[in-house]
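Whole structure, please, built from the sequences with the hints as guidance.
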Amino acid sequence: MVRRVDLTAAALRVCWIGLFLISLTSACIAQTVTLTPTCGKPGDTVCIGGSGWAEPNPLCRYIFTMDGISIAPDQQDGLYGPPSTNGIVPSLPDGSHTVLVQLVLDDSSNTLIQQQTAPFTVSGANATPGSATTSPTGSASITLTYNPSKPSCDSSCKQVVWVQVVQRFARKQGTADAQAVVTTATDWPTLPDSALKAIDETPDANRARVDRIWGRTFPYYGVDNSGIPNAGGGNAAGTITVGGTGATPISASMYDAPYTAAPFPTTLNGQSVTIDKAILKFEAAPFCADGDQVGTFLGQVVTWESDQLVNQSATVTNASVQSGQPSSTFMAALNRWVSGNPPGTGTNRAAFNLPQPKVVQCLY
Amino acid sequence: MKLVKHAIRITWFELASLTLVIAIPAMAQFSPYSDFENMSPSQLASLQAKLTYGGTQEEPISTIVITSTNGSVNISQFTPFRHAGFNYGNDALPIRQISASTLQLQTMLQSAGTIPAVVAGGVGSPGYLSFALVNTVSGTTEGFEVILTPADAISLLSAISAALTAVPTGQTILADFACTTGLRAPAVPVDVTSAVKVTLSGVRLNRSTGRFVGTATLQNNGASALSLPISLVMTLPQGVTLYNANGSTCGVGPIGRPFINAPLTMPLPPGSTVQINLDFYDPKNLPITSTNVVLAGPGAR
Numbered sequence: 076m077v078r079r080v081d082l083t084a085a086a087l088r089v090c091w092i093g094l095f096l097i098s099l100t101s102a103c104i105a106q107t108v109t110l111t112p113t114c115g116k117p118g119d120t121v122c123i124g125g126s127g128w129a130e131p132n133p134l135c136r137y138i139f140t141m142d143g144i145s146i147a148p149d150q151q152d153g154l155y156g157p158p159s160t161n162g163i164v165p166s167l168p169d170g171s172h173t174v175l176v177q178l179v180l181d182d183s184s185n186t187l188i189q190q191q192t193a194p195f196t197v198s199g200a201n202a203t204p205g206s207a208t209t210s211p212t213g214s215a216s217i218t219l220t221y222n223p224s225k226p227s228c229d230s231s232c233k234q235v236v237w238v239q240v241v242q243r244f245a246r247k248q249g250t251a252d253a254q255a256v257v258t259t260a261t262d263w264p265t266l267p268d269s270a271l272k273a274i275d276e277t278p279d280a281n282r283a284r285v286d287r288i289w290g291r292t293f294p295y296y297g298v299d300n301s302g303i304p305n306a307g308g309g310n311a312a313g314t315i316t317v318g319g320t321g322a323t324p325i326s327a328s329m330y331d332a333p334y335t336a337a338p339f340p341t342t343l344n345g346q347s348v349t350i351d352k353a354i355l356k357f358e359a360a361p362f363c364a365d366g367d368q369v370g371t372f373l374g375q376v377v378t379w380e381s382d383q384l385v386n387q388s389a390t391v392t393n394a395s396v397q398s399g400q401p402s403s404t405f406m407a408a409l410n411r412w413v414s415g416n417p418p419g420t421g422t423n424r425a426a427f428n429l430p431q432p433k434v435v436q437c438l439y
Numbered sequence: 004m005k006l007v008k009h010a011i012r013i014t015w016f017e018l019a020s021l022t023l024v025i026a027i028p029a030m031a032q033f034s035p036y037s038d039f040e041n042m043s044p045s046q047l048a049s050l051q052a053k054l055t056y057g058g059t060q061e062e063p064i065s066t067i068v069i070t071s072t073n074g075s076v077n078i079s080q081f082t083p084f085r086h087a088g089f090n091y092g093n094d095a096l097p098i099r100q101i102s103a104s105t106l107q108l109q110t111m112l113q114s115a116g117t118i119p120a121v122v123a124g125g126v127g128s129p130g131y132l133s134f135a136l137v138n139t140v141s142g143t144t145e146g147f148e149v150i151l152t153p154a155d156a157i158s159l160l161s162a163i164s165a166a167l168t169a170v171p172t173g174q175t176i177l178a179d180f181a182c183t184t185g186l187r188a189p190a191v192p193v194d195v196t197s198a199v200k201v202t203l204s205g206v207r208l209n210r211s212t213g214r215f216v217g218t219a220t221l222q223n224n225g226a227s228a229l230s231l232p233i234s235l236v237m238t239l240p241q242g243v244t245l246y247n248a249n250g251s252t253c254g255v256g257p258i259g260r261p262f263i264n265a266p267l268t269m270p271l272p273p274g275s276t277v278q279i280n281l282d283f284y285d286p287k288n289l290p291i292t293s294t295n296v297v298l299a300g301p302g303a304r
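Going down the list, the sequences are from chains A and B. So in our numbering, the last one in the first sequence is 439, and the numbering has no gaps at all. So in our numbering, the last one in the second sequence is 304, and the numbering has no gaps at all.
Among these hints, one or two may not hold up.
What the simulated footprint calls covered on chain B by chain A, stretch by stretch (three residues with Cβ under 8 Å from a Cβ of chain A suffice, anywhere in the stretch; the number is not a length) [claimed, not checked]: (1) 52–63; (2) 258–268.
Okay, derived cross-link-like pairs now, DSBU-like style, lysine-lysine, Cα gap no bigger than 35 Å in a straight line [said to hold, decoys possible]: (3) A/Lys433 / A/Lys356; (4) A/Lys247 / A/Lys352; (5) B/Lys287 / B/Lys200; (6) A/Lys433 / A/Lys116; (7) A/Lys116 / B/Lys287; (8) A/Lys433 / B/Lys287.
In short, the hints are calculated from the structure, not lab data. Ideal Cβ placement from N, Cα and C applies to all residues, glycine included.
Printed below as a string of structure tokens:
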């Protein structure tokens with residue numbers, strides 16, 4: 076519905092009414108409109124708030140429009156105080172638009188008392204999800220890359236990082252890869268900090284854990300303890316590039332080159348075995364660590380393996396990219412990691428506050 | 004290469020042999036460790052010392068190259084001096100460089116030379132760490148490499164760290180390398196927090212850097228001297244980082260906290276104080292407060 080309000084003398088009338096109408100004591104005080112978020116695509120919810128608005132005794136109401144198109148039902152003033160509602164982004168072309176909030180009298184002519192505007196960016200009407208790619212398999216290393224597509228909003232994700240979960244399998248000599256058994260970190264005599272890493276494993280048959288060097292305080296692959304670099308930056312080891320959306324999308328990449336030195340396990344579950352192959356199974360997913368999409372996985376999942384015969388080079392294989400969200404095994408491992416380690420000498424890594432998705436919830 | 008200086012009187016057969024050696028760089032002759040120990044400080048200006056982790060890893064760990072202050076890294080010079088069967092994959096990553104004076108390099112070589120496994124060269128089993136040296140003096144390139152077991156690797160890293168005490172960035176890089184590779188000294192430093200009064204003062208904005216500086220004063224209220232190194236471990240508000248930290252804890256709890264070592268060369272006697280300059284990165288201008296732990300004595304932080 077399109078609201079048409081006579082604005083011809085609005086600016087003068089604001090103060091005039093403020094002086095003469097009952098209780099309009101704040102009519103000349105600058106009123107504000109706040110939008111959360113300030114960017115979105117048609118159909119998204121936007122919270123509309125504000126402060127400094129008049130609180131007149133006559134019946135009044137707020138009217139909310141974006142480029143003249145109503146985006147929310149009228150809100151009666153006096154009952155809820157300042158504007159406080161949620162609107163729906165209308166079908167408008169990508170670009171900058173204006174949200175107009177008007178406080179009008181409940182009379183036949185919608186007499187304007189106050190009004191204020193706030194900019195809103197409509198973007199992403201034609202956006203498609205980002206995509207993930209992997210470098211060719213067959214070598215000892217792999218690079219995973221998440222390519223943001225056409226940006227939906229400049230602020231939709233300021234920092235794209237990768238989270239990776241690993242499971243270690245061992246193939247017994249004379250058996251097939253499919254019969255490889257899942258192991259715990261402590262089964263591998265050359266794995267650094269294996270006892271500490273075992274604490275991070277899910278306490279179930281999956282034995283999955285976040286793939287992180289011991290001592291790191293972020294669950295994000297490659298991010299060291301100094302914090303997450305800005306989009307385009309990386310770590311000292313050169314194994315990651317933090318991605319981001321925005322006017323110029325930046326791909327998020329991670330490089331991995333697993334290697335398992337000999338000797339391989341000689342006992343599993345208390346039984347002597349001859350292990351001739353290490354099979355590391357990875358699941359990785361790009362994650363938004365900051366921005367409007369904070370706390371969300373970005374809809375792509377990569378699974379891949381690193382296979383290695385004892386005393387041989389590792390080979391990356393079976394890399395696959397799927398659309399969707401990480402598996403329950405992945406999430407269980409991540410949840411275990413962020414909960415921290417139990418107190419004790421050398422093991423009391425603090426719990427990590429994994430960013431949570433923003434909830435567009437208006438206070439009204 | 005050292006082979007070149009022996010190739011003065013060559014026959015066609017020798018020339019063919021030399022060509023074969025050059026074509027197969029992995030067969031270059033290793034120089035004895037003593038050759039490097041005997042180099043003068045001026046000769047060490049072009050020294051490169053490389054630490055490559057080749058053990059089990061699930062996340063790559065970049066290689067360290069130590070050079071003189073004016074030296075540069077040329078990783079390809081190490082390639083002819085490699086042992087077969089070691090995983091050199093981490094050499095392909097960006098190198099972390101530590102720059103030290105030639106005197107410090109000489110001290111480092113002498114300190115590492117006290118470790119028998121280093122001097123012996125060769126390949127230890129299991130081999131976790133490659134320690135390689137390469138230097139070109141008077142047109143002759145000499146190379147050395149030893150593959151060390153975890154125990155010897157820990158000894159080497161401790162020796163290098165001790166020799167480069169006056170190189171803060173080197174301390175940070177070496178501490179992180181030891182942490183991430185699991186090659187941490189097994190000794191555990193003593194928690195002396197209860198015997199030390201820590202006072203944080205003078206926190207102010209350094210307008211030239213945009214960071215906040217301050218001073219931590221540590222007073223030994225205990226009855227005995229505190230062994231070196233003395234480390235202040237800080238738990239800061241989320242969003243505040245210690246910019247000039249020597250590393251973050253991984254060997255003792257609390258894990259992942261920044262620590263900085265007191266600038267001391269002698270143990271801190273009872274009643275004495277030492278000041279540590281602090282440099283904070285605080286982009287959100289949060290109040291800088293810290294819960295502190297003080298550690299003393301050798302061992303991984």
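Outcome of the hint check:
no.	hint	in the structure
1	52–63	holds (count 7)
2	258–268	holds (count 3)
3	A/Lys433 / A/Lys356	32 Å, holds
4	A/Lys247 / A/Lys352	7 Å, holds
5	B/Lys287 / B/Lys200	28 Å, holds
6	A/Lys433 / A/Lys116	16 Å, holds
7	A/Lys116 / B/Lys287	30 Å, holds
8	A/Lys433 / B/Lys287	20 Å, holds
Checked against the numbered hints given earlier, the structure satisfies every one of them.
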